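Protein chains in written order, with my numbering: chain A, 54 to 758; chain B, 472 to 632.
By construction, these hints were calculated from the structure, which means they are not laboratory data.
All clues given are correct.
Between beta-carbon pairs, the in silico distance windows are:
1. A:D213 x B:D571: 48 to 58 angstroms
2. A:I511 x B:A587: 25 to 35 angstroms
3. B:A589 x A:L518: 23 to 33 angstroms
4. B:Q552 x A:A400: 39 to 49 angstroms
5. B:D499 x A:L697: 15 to 25 angstroms
6. B:D506 x A:P481: 28 to 38 angstroms
7. A:L518 x B:T501: 46 to 56 angstroms
8. A:G633 x B:V580: 46 to 56 angstroms
9. B:Y534 x A:L568: 54 to 64 angstroms
10. B:T501 x A:D467: 32 to 42 angstroms
11. B:R560 x A:G531: 28 to 38 angstroms
12. B:D571 x A:W732: 45 to 55 angstroms
13. A:R234 x B:A589: 55 to 65 angstroms
14. A:A553 x B:D571: 46 to 56 angstroms
A partial selection of chain A residues facing chain B, derived with a Cβ cut-off under 10 angstroms:
15. G316
16. S433
17. V436
18. V459
19. E607
20. R610
The structure displayed is predicted, hence computed values, not measured ones.
Backbone N, C-alpha and C fix where the C-beta goes; we use that ideal spot for every residue, glycine too.
Each chain, written out:
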Amino acid sequence: MLAEVGLIALALAFASSVYAAVVSLIGARQHRTVWVDSARNAALLTFPLLALSSAALLIALVTEQYQIAYVWQVTNPTTPTFFRITALWGSQQGSLLFWCLLMSLFAFVALLVNWRAHHRLIPYFITYSMVTLAFFIGLVVFMENPFARYWIVPDATAADGVRVVYGVFIPANATAPDPVRLAETARGLNPLLRHFGMIIHPPMLYLGFVGFLIPFAFAMAALASGDLSTGWIRAARRWTLVAWLFLSLGLLLGGRWAYDVLGWGGYWGWDPVENAAFIPWLVGTAFLHSVMIQEKRGMLKVWNMVLIIFTFSAVIFGTFATRSGLVDSVHSFAQSAIGTPMFLFWAGVTLISTALIVRRRQQGALQSEQAFAGLLSRESLFVLNNVVFIALALAIFWGSFGAPIVSELFLNTDITLGPDYFNTVTVPLFLVMYVLMGVAPLSAWGAVSGRSLGRAMIVPGAAALAGVALCYLLGVRGAGALFGFGIVIFAGAVAVFEIARGAAARQRAMHENPLLATVRIFTRNRRRYGGFIIHLGITIIGIGVIGSTLFQQETQRTLAPGATLSFAGYEMTFNDVQTGQIADDGRVMDITRLTVSRDGQTLATIRPRHDVYPTSPDQTAIAMNIPGVYGTLENDFYVLLVGLQPDGSATFKVYVNPLINFVWWGGLVLIFGTIVAAWPHEGQQAPARLRRSAAAGPPKGHATA
Amino acid sequence: MPFRGLLSLLLVFGVLIGTAIGMLAQADPTTITDDQVMDVARSLYCPVCPNEPLDTCQTEACYRWREDIRQQLAAGRTHDQIIADFVARYGERASAVPLDPTLNALSLVTPFVIAAIALALGAVVVLRWRRRQPLSVAVSSSPMPADASAYRARLEEDVRS
Chain A
54 MLAEVGLIAL ALAFASSVYA AVVSLIGARQ HRTVWVDSAR NAALLTFPLL
104 ALSSAALLIA LVTEQYQIAY VWQVTNPTTP TFFRITALWG SQQGSLLFWC
154 LLMSLFAFVA LLVNWRAHHR LIPYFITYSM VTLAFFIGLV VFMENPFARY
204 WIVPDATAAD GVRVVYGVFI PANATAPDPV RLAETARGLN PLLRHFGMII
254 HPPMLYLGFV GFLIPFAFAM AALASGDLST GWIRAARRWT LVAWLFLSLG
304 LLLGGRWAYD VLGWGGYWGW DPVENAAFIP WLVGTAFLHS VMIQEKRGML
354 KVWNMVLIIF TFSAVIFGTF ATRSGLVDSV HSFAQSAIGT PMFLFWAGVT
404 LISTALIVRR RQQGALQSEQ AFAGLLSRES LFVLNNVVFI ALALAIFWGS
454 FGAPIVSELF LNTDITLGPD YFNTVTVPLF LVMYVLMGVA PLSAWGAVSG
504 RSLGRAMIVP GAAALAGVAL CYLLGVRGAG ALFGFGIVIF AGAVAVFEIA
554 RGAAARQRAM HENPLLATVR IFTRNRRRYG GFIIHLGITI IGIGVIGSTL
604 FQQETQRTLA PGATLSFAGY EMTFNDVQTG QIADDGRVMD ITRLTVSRDG
654 QTLATIRPRH DVYPTSPDQT AIAMNIPGVY GTLENDFYVL LVGLQPDGSA
704 TFKVYVNPLI NFVWWGGLVL IFGTIVAAWP HEGQQAPARL RRSAAAGPPK
754 GHATA
Chain B
472 MPFRGLLSLL LVFGVLIGTA IGMLAQADPT TITDDQVMDV ARSLYCPVCP
522 NEPLDTCQTE ACYRWREDIR QQLAAGRTHD QIIADFVARY GERASAVPLD
572 PTLNALSLVT PFVIAAIALA LGAVVVLRWR RRQPLSVAVS SSPMPADASA
622 YRARLEEDVR S
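I would like the entire structure built from these sequences, with the hints used as guidance.
Here it is in structure tokens:
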């Protein structure tokens, strides 16, 4: 029954999205308001239908309906209820359904929020968003259906006269398999996914990915309708920020999951699937900066279109890479037949979008309203910043997908590019990014002299020098590290300096106390000052990345019980080990107990362990090394149990990761800043240039496509 | 005959000396530390796992490959020789950066070329825009004007509610 309910709701959602896409297009072209209203209602309907379908699958997971193949694959009787719920996105079919649900949720909210304000764009917005949604629902319905069930059908050729088949519809003469037998053989959730980070990391990442559908659909709606004024920018910017917020959260949680679960002492391994999520983040960041130039100066109209389309294209490509088996990764789903349709969809979206931009450009609808006034102007620096972001995205794309694919196709050689490649190629670009992050906010729109820009850099520059001196006094050596810290601190100092300047100016103007003045500048211009908090977060992350990358120490030693290892200022004593401990979920654990001390003072007892998850006879056993960590702001003392020896000794891999917690704290600051910047402001007005432009209406001569 | 006997004696002596030198050169694998092994393994990828560096891979096969590295280090082979050996046995994907000069250049030079082209295109576009249109020096309400007092005035206007 649950399968039928889920399936019917899914099919109706597919029909509804197709109907909405077609009818809204006809309604827009023939100016039939009723048709557009009908399309909107159909588009809104997709969300409750997909929610119903997802709820059916969720209930099936929780109530152990193992006849449904997806439930059998991702749960078993030992799976705790909590992980039964998260199993909804634990494998290909369920996660695709969940993806569709989130996409429909975004479309639902966007339609409700933007219906009145952007009525010219909405019909085409419905078309593009619903075409995309219909494509993904189609994949779920026709290729990766989570409601397919196991059946037993008569088979004269089989030894026992029956065979097990798998299908969405009930075959002729079929009977349901024995539920007890199904429960006994059910596989269970991948152990790697049984972690808090993985519980919310995929939903955040999916929200980030699907969230970019909204600005993309608005951009396409602007191109298709010819309403290229400023409406699409206003509609798209905040949605981009929302998607960017979730993508940032997803990336941070993914890093934390890797650090806690994957057992290699780090948080970013330049894995192709990690990179597939990072590329849209980079391009989306470029768009968030570049769109300001269009708002303030009416420039870079083509470029902004290209960026938002490139961002969504990167999302689709990343999804294709993760779900098609294009790349091997610990994060990727199994190989699947959806690769070809996804590739065709990605190519189609990219080509159609590009063709629309070219067409509008030829019509002169995307011309800049201003000229670049100077190479040191803020818009010039933002363009340079965009070049850096795009270069980073391309370099990471090349290392993750380009070079391996080209090498395999044309040189018949399978290659892997590891951290050596990415560190060589991306570090210079990241440094330039930090320099621009510092300099650009000090510049101004329009003409700027080098002298005045230099004057504005004196205070933050002095702060950066003081920071470098402090690093040196704290024992940091090496020109590269000091240079890196200096640049990153400079970028952060500019953010603090600008906030302080704003607060001081308000304090003088309004005679408010410093705290109130600071709060008021944030409430009055959330976007500007939220942006500075984001910069501060990126600065803190940068400090953590430099510290944990350049100064990480590691060693691997085998210790007898009672033996002590001295390493990086710490002493670690191996007390004992408890082998064969069985957890509630059936995993077998070898747990070691270590005492961590420093200068003779005991700091903590940590328990690195080795877990082996029970599997069915036809599966390979899954083992995980869960680290024991003693963490401070200064560093993490991170220990992995690598192996137990027959003589009772144990082999440990020990990492000391300096400043690594700055990465997580910086991430929190970044998220806070993004929430501040994206938070709706009651009575908030668009910039004056936009208000003028909007009042004037769309430029003449832009016919509806 | 005495000469041939002397020659044979010398030959046997030479073989014995050579064997002894060889045995001395081949260190006891137990003297090779895990850190030395990991230093090499860090530059390699597991030949069978999906994008998994050899120093962190936890499969049984990777434990054996790390022991193989230990044996090779004990035999006096260098970091680069061991990597070349893995590449010869398992292909270029075993190395974190391709050893083949063509593949290496393709991998490492291309992104810099792309970045240079992107930068050049950006510069050309900016210069063309500057030439094509008359300069509009409509400075916005943002900071950074010519003098600090004007800046303060604009900022104060900006922050005034």
